[in-house]
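Q: Chain B: place on chain A using the hints.
Residue-level listing of the chains:
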Amino acid sequence: MKEIIKALGNVVFKMPQGLYVTFKHLFKKPVTLDYPRRKKPMAPRYRGRHYLERYDDGTERCVCCGLCAAACPADAIYMEPEENEKGERRAIVYEINLLRCIFCGFCEEACPEEAIFLGQDYEFSDDNRDSFIWTKEQMLVPHPRKDNPFKRIYRRVRKVYGVTDKGK
Amino acid sequence: MLEIILISSVKIVVVIMVVLTGCAYATYMERKLVAFMQHRIGPLYAGPYGLLQPIADAVKLIFKEDVVPNNVERVTYALAPIISFIPALLTFAVVPFAADTTLFGHEIKMVISDMNIGVLFIFAVTSMGVYGIVLAGWSSGSKYSLMGGLRSSAQMISYEVGYGLSIIGVILVANTLSLRELVAQQASVFDWFVWKQPLGFLLYLTCAIAETNRLPFDLPEAEAELVAGYHTEYSSMRFATFFIGEYANMLAVSAVGATLFFGGWQGPYLPSIVWFIVKVFLFMFFYIWLRGTFPRFRYDQLMAFGWKVLLPLALLNTMVTAAIVML
Chain A
1 MKEIIKALGN
11 VVFKMPQGLY
21 VTFKHLFKKP
31 VTLDYPRRKK
41 PMAPRYRGRH
51 YLERYDDGTE
61 RCVCCGLCAA
71 ACPADAIYME
81 PEENEKGERR
91 AIVYEINLLR
101 CIFCGFCEEA
111 CPEEAIFLGQ
121 DYEFSDDNRD
131 SFIWTKEQML
141 VPHPRKDNPF
151 KRIYRRVRKV
161 YGVTDKGK
Chain B
1 MLEIILISSV
11 KIVVVIMVVL
21 TGCAYATYME
31 RKLVAFMQHR
41 IGPLYAGPYG
51 LLQPIADAVK
61 LIFKEDVVPN
71 NVERVTYALA
81 PIISFIPALL
91 TFAVVPFAAD
101 TTLFGHEIKM
111 VISDMNIGVL
121 FIFAVTSMGV
131 YGIVLAGWSS
141 GSKYSLMGGL
151 RSSAQMISYE
161 VGYGLSIIGV
171 ILVANTLSLR
181 ELVAQQASVF
191 DWFVWKQPLG
201 FLLYLTCAIA
211 ETNRLPFDLP
221 EAEAELVAGY
231 HTEYSSMRFA
241 TFFIGEYANM
251 LAVSAVGATL
261 FFGGWQGPYL
271 PSIVWFIVKV
281 FLFMFFYIWL
291 RGTFPRFRYD
301 QLMAFGWKVL
311 LPLALLNTMV
321 TAAIVML
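In order, the protein sequences belong to chains A and B. For the first sequence, the numbering used here begins at 1 and goes up steadily by one. For the second sequence, the numbering used here begins at 1 and goes up steadily by one.
Same shape as in the complex, but just chain A (with noise of 0.2 Å):
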């Protein structure tokens, strides 16, 4: 007896109650995305795979000074530097091996020249490990390039220079 008033009472009045809640959740956004078709919104300094920079007129900003490398707390990046025709130094070899990276922008902050940049690209996953370690030409940016190429840098120096948004 006392076990039918419990289930009645059960039925009643609690068992709406779950029913509600799921309900409730039936109608809410889902917080799972349709991955590789829809993709979340980047964070505008979020730390991704890094590209180098060129001048405006194609030349790679790289001067192969090594600071980048000094200052790599993952030691991930190495390089070789040589003489161009003109005598102007830059790199033979840069390689960043991207499973030693920790993504932590030291080389970003370090380099004189604003050369690297850690950009917002983060599928690069493979079955083979060599193909992990990449090379300048993967990283070099296309030389007429598409999009805006000052967008980081203009960040940068309103970092260095302390301009700020703040005034307008």
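FYI, nobody ran anything at the bench for these hints, they're computed from the structure. Glycine residues also receive a C-beta, built at the ideal position from the N, C-alpha and C atoms. Among the hints, a few may not be true.
[What the hints assert, rightly or not] Here's a subset of chain A near chain B, in silico, CB distances under 7 Å, partners left out:
id, residue
1, 4
2, 7
3, 18
4, 19
5, 25
6, 30
7, 31
8, 32
9, 34
[As the list claims (entries may be wrong)] Here are the simulated SDA-like cross-link-like pairs (lysine to any residue), alpha carbons at most 25 Å apart as the crow flies:
id, chain 1, residue 1, chain 2, residue 2
10, A, 136, A, 48
11, A, 2, B, 30
12, A, 6, B, 31
13, B, 60, B, 47
14, A, 24, B, 30
15, B, 308, B, 157
16, A, 28, B, 289
17, A, 24, B, 215
18, A, 14, B, 205
19, A, 14, A, 33
20, A, 14, B, 202
21, A, 28, B, 46
22, A, 39, B, 295
23, B, 64, B, 27
24, A, 2, B, 44
25, A, 28, B, 18
26, A, 28, B, 48
27, A, 29, B, 29
28, A, 28, B, 281
29, A, 6, B, 236
30, B, 11, B, 277
31, A, 39, B, 60
32, A, 39, B, 46
33, A, 28, B, 39
34, B, 60, B, 18
35, A, 39, B, 18
36, A, 39, B, 281
37, A, 24, B, 18
A: What follows is chain B alone, placed relative to chain A:
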């Protein structure tokens, strides 16, 4: 004579096709709804909004290798999925799914077989379903299957009693066993048997979930304890047959529930078949909703609930209804 055979076979083919498609899309509906309840998206890739997912699943299962373990009893092992699948389909033979129509000068009853003992037939046939599950559990030669089969037999036998008794109230009030007659008596919304038999309806709903082995009564397949219960050792199309059987059972129970308590195909404005589908759909939605809400019962709770709560309540309902009808 030929005419009757022709009309009947057309009806049978159409109903079987519709029920099988309904089963396939019930899986889709379940996956989607449970996903939404859990803030997920559910199947998306096969076709627009993942609408072709059931077809992809079917194709996958058909082309999978049919693995038969060494220790099985071949004949029963092969027979079991069919035994659990056929009764679910047979139920639809007596469920009227639309108002009678006239086509090419013939009056067509929108029910495959208009039996005068339709309700009895349904209960006789759905009780057969338990044999499929028990035989599957027994013949698989696996401890998980055996546990699932034993649980299922105990559960289904316990709940069969409440299931049968929950209907008796309706039958007493309506004074008929023919489903067509039952639908005819519920012409307006106020004549629906839910209002006359609210307790009977609740009992039917609960027992029907236990009968179809759905959450929160899905102990025969309790994946956390028994791998997959009675169909652990089944693969490929044999597994799919069990799966379709389960969903066909859900559809059958929904259709019977809609017919007995919610006036079947009766409804204003819209065509009768649409009303029938809407009512079955709402039942299915409720089952999926329950699945998304409640955890599984413990086994002793399940048995105690069946014998100590459902059975006394069903008996009480039957006695009170009988007394009122007598007066």
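Q: Run through the hints listed earlier and report the numbers of any the structure violates, in increasing order.
A: 11, 12, 19, 22, 24, 25, 29, 31, 35, 36 and 37
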